[in-house]
Each structure stands twice: as C-alpha cells, then as structure tokens.
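Chain by chain, the residues:
There are 2 protein chains.
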Amino acid sequence: MASLKIPASVPSPAEDSEQLRKAFAVLFVRTRGSNGEFLMSIGRNGNDHHLIFAGWGTNEALVIKVLVHRNAEQRKLIRETYAATFGKDLLKDLEREVSGDFERALLLWTLCPAERDALLVNEATKMLTASNWIIMEIACTRSSHDLFMVRQAYHSRYKRSIEEDVAYHTTGDFRKLLVPLVSSFRYEGDEVNMTLAKSEAKILHEKISDKAYNDEELIRILSTRSKSQLNATLNHYNNQFGNSINKDLKTDPTNEYLTFLRRIIKCLTCPEKYFEKVLRYVIKGLGTDERALTRVVTTRAEVDMERIKEEYQRRNSVPLDRAIAGDTSGDYEKVLLALIGHGDA
Amino acid sequence: MASLKIPASVPSPAEDSEQLRKAFAVLFVRTRGSNGEFLMSIGRNGNDHHLIFAGWGTNEALVIKVLVHRNAEQRKLIRETYAATFGKDLLKDLEREVSGDFERALLLWTLCPAERDALLVNEATKMLTASNWIIMEIACTRSSHDLFMVRQAYHSRYKRSIEEDVAYHTTGDFRKLLVPLVSSFRYEGDEVNMTLAKSEAKILHEKISDKAYNDEELIRILSTRSKSQLNATLNHYNNQFGNSINKDLKTDPTNEYLTFLRRIIKCLTCPEKYFEKVLRYVIKGLGTDERALTRVVTTRAEVDMERIKEEYQRRNSVPLDRAIAGDTSGDYEKVLLALIGHGDA
Chain A
1 MASLKIPASV
11 PSPAEDSEQL
21 RKAFAVLFVR
31 TRGSNGEFLM
41 SIGRNGNDHH
51 LIFAGWGTNE
61 ALVIKVLVHR
71 NAEQRKLIRE
81 TYAATFGKDL
91 LKDLEREVSG
101 DFERALLLWT
111 LCPAERDALL
121 VNEATKMLTA
131 SNWIIMEIAC
141 TRSSHDLFMV
151 RQAYHSRYKR
161 SIEEDVAYHT
171 TGDFRKLLVP
181 LVSSFRYEGD
191 EVNMTLAKSE
201 AKILHEKISD
211 KAYNDEELIR
221 ILSTRSKSQL
231 NATLNHYNNQ
241 FGNSINKDLK
251 TDPTNEYLTF
261 LRRIIKCLTC
271 PEKYFEKVLR
281 YVIKGLGTDE
291 RALTRVVTTR
301 AEVDMERIKE
311 EYQRRNSVPL
321 DRAIAGDTSG
331 DYEKVLLALI
341 GHGDA
Chain B
1 MASLKIPASV
11 PSPAEDSEQL
21 RKAFAVLFVR
31 TRGSNGEFLM
41 SIGRNGNDHH
51 LIFAGWGTNE
61 ALVIKVLVHR
71 NAEQRKLIRE
81 TYAATFGKDL
91 LKDLEREVSG
101 DFERALLLWT
111 LCPAERDALL
121 VNEATKMLTA
131 SNWIIMEIAC
141 TRSSHDLFMV
151 RQAYHSRYKR
161 SIEEDVAYHT
171 TGDFRKLLVP
181 LVSSFRYEGD
191 EVNMTLAKSE
201 AKILHEKISD
211 KAYNDEELIR
221 ILSTRSKSQL
231 NATLNHYNNQ
241 FGNSINKDLK
251 TDPTNEYLTF
261 LRRIIKCLTC
271 PEKYFEKVLR
281 YVIKGLGTDE
291 RALTRVVTTR
301 AEVDMERIKE
311 EYQRRNSVPL
321 DRAIAGDTSG
331 DYEKVLLALI
341 GHGDA
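In order, the protein sequences belong to chains A and B.
Residue numbers are given in full-length UniProt numbering: position 58 of the first sequence equals residue 58, and the series is strictly consecutive.
Residue numbers are given in full-length UniProt numbering: position 330 of the second sequence equals residue 330, and the series is strictly consecutive.
FYI, nobody ran anything at the bench for these hints, they're computed from the structure.
Please note: incorrect hints may appear among the correct ones.
Claimed, not checked - Some chain A residues flagged as far from chain B (calculated, every beta-carbon gap over 10 angstroms):
1) Glu60
2) Ser183
3) Asp327
4) Glu333
To be verified - According to the in silico footprint, chain A covers these stretches of chain B (three or more CB under 8 angstroms from chain A):
5) 128-141
6) 249-257
Stated by the list, open to error - Computed list of lysine to aspartate or glutamate pairs in EDC-like fashion (alpha-carbon distance at most 16 angstroms, straight line):
7) Lys284/B - Asp327/B
8) Lys176/B - Glu191/A
9) Lys159/B - Glu216/A
10) Lys176/A - Glu217/B
11) Lys176/B - Asp190/A
12) Lys159/A - Asp190/B
13) Lys159/B - Asp190/A
14) Lys159/A - Glu188/B
15) Lys176/A - Asp215/B
16) Lys176/B - Glu216/A
Here a beta-carbon is modelled for each residue, glycine too, at the ideal position from N, C-alpha and C.
Just need the whole structure built from these sequences, with the hints factored in.
Right under this line is the structure:
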C-alpha cells in the first residue's frame, strides 16, 4: 500500500505549474536584492545568486506542497504543462533552485517511476556510483510490466539497453546473476506447479550443500521462475530440508556473493522486509546514507511504503517517521516525511 | 518488404467471417451425404466425416481467398467477429476442416505474429520438436518490440515466461546463448559508438583466435549490443583482421555450436540471407522439410519476403515461387504461393 497522500481535490496541472513558477519567481526576484525587503544575503553554489533567508522556506514549502502530494500521472501532466506554458523544463528549474539531498529527493520523486529506475540503474553502472545491489533491487522488486517500462525508458534516455550496460559494467559471478535478472520478464500469475517446486527445491538444496553457489541451475531458477512459483519452491525447501534457504546461504557471513544471493531471495519473496532492512541499516549506520534513504522513500512511496512502515515499527519498536526525523533535517526531512504519509496533502 | 497482397477494397470482417462460415458449412452439409449430389465419400482422421471430393477444392480456395490476403490486424478482426457472430473459435473450425501441411500453414498464418512466434518457440522447447535453431531464429530476427510482444503472448498462452521454458529445456553452451538472446531488448536506434566497435571487434577476434567460442564476453557482445552497433563491430572486425567473423568461425564445419554462432550472426546482421539459406536447404534437401518451409513463409510474408525472394533468385538462379511450386502441391502449394505474392489478392 502506498503512503503518498493526495488532496481530495487536486488543482489542475495549469494551476500547479503556475504555483511552481511563482515559488521559483519569488526566489529569483528577491535574489536580485533590488528592493527594501533585502535583509541578508548568502552565496550559493559558487555563483552570484543572493537569497533572502526569510523567503527561502516559504517557497520550498510551496514546491513540496505542489510536487510531493501528486501521483506519477499527475506529476507527468505538471511537467508537460509547465514545459508547454513556460517553455522550460521543470526538472532543470528545480535543479537550479534547490540543492543537496533535498534536490536529489525532489528530482527523483518528480521523475516518473520508469525514468527514475532507469536513472538509478544507469548511475549504478557508473564507476563512482557503481552498485550491484541497486541494479538487483530494481530488477527483483519491480513487477514484470514495470521492469519492462524501465527498459523502454532506458532506451529513450541512454540510447542503449539496460542489459547492455549492466553486462558491460559488471563482472564475474555478479554479472552472471545480474544480466538475467534485469532481462527477465517473469510470468506474474498465481499458478504454481508443485511437482516442479519439489524438484527445484531439491536442485537448490544440492547446489547449496555442494557450495556451488554460482551454479547455472541455481541462477536459472532464481532468474526465470515466477515469484509465486519461487515462493512455492522455497516453502518446499524449508519444509523438506529443515532450514530456510537464506539460513543455508549464511555459512560465511563475510562472503559478499552469498549476501547478494540472500538479498535477491528477499527482494523476490518479501520486498517489504528487504526495504525495512535497507532503511534500518541506513538510519542506524554511522552517519546516514542519504542516497539510499532517498532511493527507498521515493521509489516505494507510491507502491508499498505502508507495509514497509509496519515492518519497520515491528522490527525496531520505533515508527519510521520518528527515525527519519531523528536522522535528517530541514526541507530534506520535510519531503521524506511528506512522502511517507505525514501531514495533510 | 512484405510479399503479402491485400485487395484494394477489403471486405468487412463480418463479410469475411460469413464467407468462411459458408466455406465450412458447405463441407459440413455435404459430408453428411444427405442429398442427391453425393458422389464419393472418404474417411478422414479416423472419424465418421464423409467428404465429397468435388466440393473440396472450391471451399479451400474460398478459405485461402478470405484468410490469406489479409494482414495481421485484419485477420485479428476476422477471428473476433467470427467468434462473436458464430460463438466458435475460427482456429478450431479450421483445424477440423482442413489437415496436413495445408492445415499447419493456414493455422500459423491466421495467428497474429506474436502468438505464432510464441507457439513456435514453445514447440521448439518440447522434446519431440526441440530446436535451438528456431528459438534462435525468432530471438534474433524479430525487432525488440516484436520480441517483447512474443514474450507477452507467451505469458498469456502458456502461463510461463519464454526465458523460463528456454532455460529449463536447453543445456550447456546453447543455453548460455539462447537465454540472453530470448531475453534481450536491444536498443534499436542507429547510433554507433566507433571506439566501442573497435575494442569489441578486438575482443571477438581474441576469443575466436583462442577458440574460446563460448566465452562470456563473446556472448555478452552478441546478445546485448544493438544490431547497428554489432554491424559496426563486425565491419571493423573484417577490415582490421582481414576475414569476416563468419569465415573465422568456420574452422570446423562439423562443429554444431560454431554453425550456430554463424547463424546467429547472420540472423542479426542480414536476416534475408539467413532465410534464403533456410529455404535453399529446405527445398534442395532429400524430401522437403514442410515445417521449415511453412515457418519461413508464414513468418516473413508480412515482413521481408520480397527481399528474401530477391536473395533466392540471385543465389539459385531460379525464382522462389518456381522452386516452391516444384516441391509442393495442392492447397498447400496454393497457400504458400499466395503468401509469397502470387495471383490476385
């Protein structure tokens, strides 16, 4: 269940665009410092913009009000209307007007889900932001249809295919898993073949017992079977062999590949638990990993954030909003809290 | 360019359905042998249908006239209208009314391209009709969009994914190639990165020189790069190393895997030449391989059959229609010739 709150009566995209333009315009006029209101100026991003502190919060609040409490379709219309009305790209204007973690959260949020995921995967294939985990997370927690939309968005944006970039920028056993995972188009029905579940649970158990963790058959099962089928297989594994598969994959806690396999299984079978764990580590860690926090909140707010919040509360005895409020501040905190369902829409 | 001929003025789907029903109805009434026209009866398919020879050809001609000279969209409408009007599945009625090679050609043709390819791939994963070649042909000669439509049709029809069945039913080096090929969603633009083309031509040359034909990098390049990019890479290969890649892959003519690699390259870079060769072998062989002939004609008639005909004429000094007419007969011959552009629409 989504955590996003949308007002009962949503303004038209034209009204929303006008509001955003106003929020930016006020900043723009005031930064010139050309009237009596001028109180205090600060330099920003090394250029000669000058901002009035007093005007700052108000406008960002307006941006949050307009952009955050809108669903993907509504944000898309706002971007289109904004471009048609003012001849400018809303994302570029946002980039100019805000900065830091707040900027990244707003930009990621404003993108449609497929574009956002395409961008996240693309970043995850780049040297400085390389991350097998993020590629895997997107490949395993999105629906087949949504993952295909990401692949289409990737074509449009990067003029290459996802599997092409992932295969090129990853290596070894991780590549052997990641390429089929990002290329998969799993069947999404509930039908389960119990005979197959039994035979494949046996295969998985044999391979894991032999420590053949990168075996082709194990990869085939994890990367091609429907989530329902996989669930049946893993339940049978648990019943038949006495341990959950993830327990059997925990023989060496320092082995990164084994951790990766366990996370794949978690993403495929209980994504809300996987995301709870990401948030837990992000928040508990020494310093907060804002990029991860932003990624999870912006990508799940319209999907299953309510379930993630439940899991978080259950596992940490603290509500997620309090944990986030304790670890973040300012407009960044405000946008995250709004996305996880705080305040009025 | 398609070879299919469609009449300048196409009857409505309702008229076409009515014509088909008439064609079947005549057969049906006459098979009962209940009127004075009864001349001669034959048993068919072990059931007690009795057919009048005299009425047979006429009706099949009508079926060909109505179904063969219609494009995919028109055939889809005919099937829908037929089902809505008569409460029956046109494909099932066809199956009952005709038989043999003619039946298979008509059924495959009547399906929409995505359903037809899904069926062909599914057959190719089954024990008795297993064929790595057919799976590869479909994966490599369809556009990215069309291949994705096949994957969707496969979900609907078989309640599993293509990659799931292909991965399950194939083994070894063939599986390593086939799974990424059927899962690919290649970028389709013309943009080419020449630096990459050079570096990947070098990789391919190294792997082939080392006889590392199943190397991961070689598979990655063939299964993920766009067709334009691959073309640039292979051109560079040819210029830089003095041989075409397919010449270098011909070191052992009895090695089935090497033949497979050469065909993949042909399918990806010049499908019309690949299909010409399939037709040449099908027709020249001892006895005709009707399944292959039917597959190529029904799947290419709406795509590039005119180019294939040109290639065939150039390579064999005989027009394809004459070659097909020499190797087939009856209604089967008629449907094939109609599909490759013979006669009036």
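Structure-based check of each hint:
The claim that Glu60/A lies off the interface holds: its Cβ sits roughly 38 angstroms from the closest Cβ of chain B, which is beyond the 10 angstroms cut-off. At roughly 4 angstroms, the least C-beta separation between Ser183/A and chain B is not larger than 10 angstroms, which violates its mark as non-interface. Non-interface call for Asp327/A relative to chain B: holds, since the shortest CB-CB distance, roughly 39 angstroms, exceeds 10 angstroms. Consistency note on Glu333/A: stated as away from chain B, and its beta-carbon is indeed over 10 angstroms from all of that chain's, at 39 angstroms minimum.
With 0 residues carrying a beta carbon less than 8 angstroms from a beta carbon of chain A, the region 128-141 of chain B misses the three-residue requirement, and the given coverage is violated. Only residues whose beta carbon comes within less than 8 angstroms of a beta carbon in chain A count, and the region 249-257 of chain B has 0; fewer than three means the coverage is violated. Taken as a hint, the Lys284/B and Asp327/B pair is honoured in the structure, with Cα atoms around 9 angstroms apart against an allowance of 16 angstroms. Restraint check for Lys176/B and Glu191/A: not satisfied, since their Cα atoms lie roughly 27 angstroms apart, outside the 16 angstroms limit.
Pair hint Lys159/B plus Glu216/A does not hold up; C-alpha atoms about 23 angstroms apart against a cutoff of 16 angstroms. Simply put, Lys176/A and Glu217/B have alpha-carbon atoms about 11 angstroms apart, close enough for the 16 angstroms limit, and the pair holds. A hinted pair counts as satisfied when its Cα atoms are at most 16 angstroms apart, and Lys176/B with Asp190/A does not qualify at roughly 28 angstroms. This hinted pair checks out: Lys159/A and Asp190/B have alpha carbons roughly 9 angstroms apart, not beyond 16 angstroms.
For the given pair, Lys159/B sits about 9 angstroms from Asp190/A by alpha-carbon distance, which is consistent with the 16 angstroms threshold. Between Lys159/A and Glu188/B the alpha-carbon distance is near 8 angstroms, which keeps this suggested pair within the 16 angstroms criterion. With a CA separation close to 12 angstroms, the supplied pair Lys176/A and Asp215/B stays within the 16 angstroms bound. As the CA atoms of Lys176/B and Glu216/A are separated by approximately 9 angstroms, the hinted pair is consistent with the 16 angstroms bound.
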